[in-house]
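Line order of the protein sequences matches chains A and U. The first sequence: position 46 = 45 (numbering that gives the first Met the number 0), numbered continuously. The second sequence: position 140 = 139 (numbering that gives the first Met the number 0), numbered continuously.
Be aware that a few hints might be false.
As the list claims (entries may be wrong) - Straight-line alpha carbon distances no greater than 27 Å define the calculated DSS-like cross-link-like pairs of lysine-lysine that follow: (1) Lys114(A) to Lys52(A); (2) Lys291(U) to Lys219(U); (3) Lys156(U) to Lys52(A); (4) Lys116(A) to Lys219(U); (5) Lys173(A) to Lys291(U); (6) Lys177(A) to Lys291(U); (7) Lys114(A) to Lys146(A); (8) Lys311(U) to Lys116(A); (9) Lys163(U) to Lys98(U); (10) Lys243(U) to Lys52(A); (11) Lys177(A) to Lys156(U); (12) Lys146(A) to Lys301(U); (13) Lys243(U) to Lys156(U); (14) Lys86(A) to Lys183(A); (15) Lys86(A) to Lys301(U); (16) Lys243(U) to Lys311(U); (17) Lys337(U) to Lys59(A); (18) Lys311(U) to Lys337(U); (19) Lys69(A) to Lys177(A); (20) Lys291(U) to Lys243(U); (21) Lys183(A) to Lys163(U); (22) Lys190(U) to Lys52(A); (23) Lys166(A) to Lys183(A); (24) Lys163(U) to Lys59(A); (25) Lys114(A) to Lys301(U); (26) Lys52(A) to Lys301(U); (27) Lys156(U) to Lys219(U); (28) Lys114(A) to Lys163(U); (29) Lys59(A) to Lys190(U); (30) Lys364(U) to Lys183(A); (31) Lys243(U) to Lys146(A); (32) Lys364(U) to Lys177(A); (33) Lys52(A) to Lys177(A); (34) Lys183(A) to Lys291(U); (35) Lys59(A) to Lys364(U); (36) Lys337(U) to Lys190(U); (37) Lys59(A) to Lys156(U); (38) Lys364(U) to Lys52(A); (39) Lys114(A) to Lys311(U).
Keep in mind that the hints were calculated from the coordinates and are not lab data. Computed from a predicted model, the values in this text were never measured in an experiment.
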Amino acid sequence: MFSTARYLLGAVTALGVALTPLTVSGQQSGYPGGSAYPFGTPATEADIAAWDKDVRPDGKGLPAGSGTHKVGQQIYGEQCASCHGAKLEGVRDPNLPQGGGPALIGGRGTLNTPKFKITVESYWPYASTLYDYIIRAMPYTAPGSLKPDEVYALVAFILGDGNIVGKNAVMDAKSLPKVQMPNKDGFYPDDRPFPVKHYD
Amino acid sequence: MDRSQVTGEPQIGEPATELDFAPPAQEDCACKEGMFPRASRRQFLRNGSLLTAAAAILPARAALAAEASSAASGALDPSWSVPGRLAKSDYGERAPFEKVMRLATIGGTSSLTPLQAGVGIITPSGLHFERHHNGIPAIDPRDHRLIIHGMVDRPMKYSVEDLKRFPSISRTIFIECSGNSNAASRSASQKTAQEAHGLTSTSEWTGVRLSTLMAQVGVKDGAAWVLAEGADGAMLSRSVPIDKIMDDAFVAYAQNGEAVRPENGYPMRLILPGWEGNINIKWLRRLKIGDKPFMTREETSKYSDLITLTGKARQFTWVMEAKSLITFPSGDMRLPGKGFYEISGLAWSGRAPIERVEITTDGGKSWNLASLQEPVLPKAHVRFRFPWTWDGSEAVIESRATDQTGYVQPTKSFLTRTEGVGPTYHYNGIQSWKISPDGSVTNVLNG
Numbered sequence: 000m001f002s003t004a005r006y007l008l009g010a011v012t013a014l015g016v017a018l019t020p021l022t023v024s025g026q027q028s029g030y031p032g033g034s035a036y037p038f039g040t041p042a043t044e045a046d047i048a049a050w051d052k053d054v055r056p057d058g059k060g061l062p063a064g065s066g067t068h069k070v071g072q073q074i075y076g077e078q079c080a081s082c083h084g085a086k087l088e089g090v091r092d093p094n095l096p097q098g099g100g101p102a103l104i105g106g107r108g109t110l111n112t113p114k115f116k117i118t119v120e121s122y123w124p125y126a127s128t129l130y131d132y133i134i135r136a137m138p139y140t141a142p143g144s145l146k147p148d149e150v151y152a153l154v155a156f157i158l159g160d161g162n163i164v165g166k167n168a169v170m171d172a173k174s175l176p177k178v179q180m181p182n183k184d185g186f187y188p189d190d191r192p193f194p195v196k197h198y199d
Numbered sequence: 000m001d002r003s004q005v006t007g008e009p010q011i012g013e014p015a016t017e018l019d020f021a022p023p024a025q026e027d028c029a030c031k032e033g034m035f036p037r038a039s040r041r042q043f044l045r046n047g048s049l050l051t052a053a054a055a056i057l058p059a060r061a062a063l064a065a066e067a068s069s070a071a072s073g074a075l076d077p078s079w080s081v082p083g084r085l086a087k088s089d090y091g092e093r094a095p096f097e098k099v100m101r102l103a104t105i106g107g108t109s110s111l112t113p114l115q116a117g118v119g120i121i122t123p124s125g126l127h128f129e130r131h132h133n134g135i136p137a138i139d140p141r142d143h144r145l146i147i148h149g150m151v152d153r154p155m156k157y158s159v160e161d162l163k164r165f166p167s168i169s170r171t172i173f174i175e176c177s178g179n180s181n182a183a184s185r186s187a188s189q190k191t192a193q194e195a196h197g198l199t200s201t202s203e204w205t206g207v208r209l210s211t212l213m214a215q216v217g218v219k220d221g222a223a224w225v226l227a228e229g230a231d232g233a234m235l236s237r238s239v240p241i242d243k244i245m246d247d248a249f250v251a252y253a254q255n256g257e258a259v260r261p262e263n264g265y266p267m268r269l270i271l272p273g274w275e276g277n278i279n280i281k282w283l284r285r286l287k288i289g290d291k292p293f294m295t296r297e298e299t300s301k302y303s304d305l306i307t308l309t310g311k312a313r314q315f316t317w318v319m320e321a322k323s324l325i326t327f328p329s330g331d332m333r334l335p336g337k338g339f340y341e342i343s344g345l346a347w348s349g350r351a352p353i354e355r356v357e358i359t360t361d362g363g364k365s366w367n368l369a370s371l372q373e374p375v376l377p378k379a380h381v382r383f384r385f386p387w388t389w390d391g392s393e394a395v396i397e398s399r400a401t402d403q404t405g406y407v408q409p410t411k412s413f414l415t416r417t418e419g420v421g422p423t424y425h426y427n428g429i430q431s432w433k434i435s436p437d438g439s440v441t442n443v444l445n446g
């Protein structure tokens, strides 16, 4: 038994040794990569600047400019209220895009109830997301049309009406990352899987 | 039916009669129905004594339509055995009798795949579900570019034609919206498999590995996250860990052998096998490499999983977990009578290949293994089958999938107990269909 096993093991090893160089030399991969793929063109600084508008929680990406609650209130009335409601309470109307826009404020203290209400005030963990989302995706019918000053002002207005910042607060690249959202500690990384071997 | 009961053999279809082989009556038409010794198909249907197998696999409404059209002639009609339509340079269409459709939801932000009508594992491109956050952009591929920048040595931009120069891969991958089955988590009011679970589909996607493209641009030390951004009005964007990008992610320019459909990201989209639909960014125009997550709206205020029992939300829940669904028989169908049926459905898991699917036909009292139809591909819909002879009494049928990690698809009540009633992304509870003695199949809550 032992000798047979050793013999087989030896044969396998010998085959492996014998075949390895052949396989390597025989398998000219043909996929060189690197400079052998001279496809595409370098992206210029202008190319990147035109699209690089995202903003992170630490404020990276926030442009120059500023805005106040007062200015934001006026822009909101013109650009946002038709879908999100005059009092930021949200609108449900099948004639509006997406059937209307969600409420932006309210809902604090509801997240652990069956009548949870998800809004910027109650749920969003970072103020930066508000700027990032508005400047790229809002208003729904003309995304990307707002200037940085206007977006800063809208952030000041929404956060002010949500009692997250004072109504005198000025939003800019320095102040916005410092905003502490009420639900900033409300998230944790994916802890699945569950359930395993569950028979209910 | 009598003979099948005696012999125990299932009888599907109709016995061919001598008349089927007889020459057709001259000038036969619907108006002459009843003029011939054999009763017409329509009369059989009216009498309820005969239904075709085809009718059984169609929803009741479609069965009525099939009845109306098949009633055009009673005898087997060889009228088409004459010179037919010739080839032309065109884009082919399905037979005019085939009417199965996607179902758009209110507001037009999504449409649902008719899972109950599907066979095999591939979803036809024209029936692949869609979900978009500001409509489908009308992109001219000649002007579309993918820019890769951020923490890279060589920022690059690529056209579709550039991408096609690279070595390509093709993979058959399911994509499921993480909001799929959302309504089913709350009630059984959706009538069909399509209405309840139609935001999942499988296509063969072809494109370029992102590990290949990352090698081209040269990822810098410390890079950990990639922001993927679409060119649609919503400029939908998500943060993807670089490990996933380097593992099995790719940029697809083709779907089922042709260009990606507009509603699915034409001319290029991100494919992250096994991960929730939303992060498979369509109309992909930008990949920005960074060292931290970007915390976009779609990964904070949306597509995070609030657990209402605690008020805290699970974040970055990318993987779609094991799930399955019986597609035949399923809601809004009507079985023509007791006898043999092959239960069939789909199972999938974004975490690991499907290990097994079990079927119950007694509401969960007993479970039996279904057979998995080849090919059983990882991160793709898998077709399962189970032979069943219905005795004509009320029955509740369910399927339960297990993947190779050992994860078992949970019941609805388990999910409600452990998670409460949240926004219900990632709902994968067991689906129950009730078959009533009259053969009607309805969506029910069971357990």
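Task: Pairwise hint evaluation, Lys337(U) against Lys311(U), where the allowed Cα distance is 27 Å at most - done: Not satisfied, since the Cα-Cα distance of roughly 49 Å exceeds 27 Å.
- [ ] Below or equal to 27 Å on CA atoms is what counts here, so check Lys311(U) against Lys116(A).
- [x] holds (13 Å)
Open item on the list: Check the hint pairing Lys114(A) with Lys301(U) against an upper bound of 27 Å on the C-alpha distance.
Closed with: holds (17 Å)
Open item on the list: Checking one constraint from the list: CA of Lys190(U) to CA of Lys52(A), max 27 Å. Satisfied?
Closed with: This hinted pair is violated, its Cα atoms lying about 44 Å apart.
Task: Holds or violated: Lys69(A) to Lys177(A), with C-alpha atoms at most 27 Å apart - done: It holds: about 20 Å lies between the C-alpha atoms, which stays within 27 Å.
Open item on the list: Check whether the Cα positions of Lys177(A) and Lys156(U) lie no farther apart than 27 Å.
Closed with: violated (35 Å)
Task: 27 Å Cα cutoff - pair Lys114(A), Lys311(U) - done: Holds, because 14 Å separates the two Cα atoms, which is no more than 27 Å.
Task: Pair hint outcome, Lys59(A) versus Lys190(U) [Cα-Cα no greater than 27 Å] - done: Distance ~48 Å between Lys59(A) and Lys190(U) Cα, so the pair is violated.
Open item on the list: What's the verdict on Lys364(U) and Lys183(A), does the C-alpha distance respect the 27 Å limit or exceed it?
Closed with: violated (45 Å)
Open item on the list: Please verify whether Lys243(U) and Lys156(U) have alpha carbons no more than 27 Å apart.
Closed with: holds (21 Å)
TODO: Please work out if Lys114(A) and Lys146(A) have their alpha carbons no farther apart than 27 Å.
DONE: violated (36 Å)
- [ ] Would you mind confirming whether the straight-line C-alpha gap from Lys337(U) to Lys59(A) stays at or under 27 Å?
- [x] violated (66 Å)
The structure shown violates the earlier hints numbered 1, 4, 7, 9, 11, 17, 18, 21, 22, 24, 28, 29, 30, 31, 32, 35 and 38.
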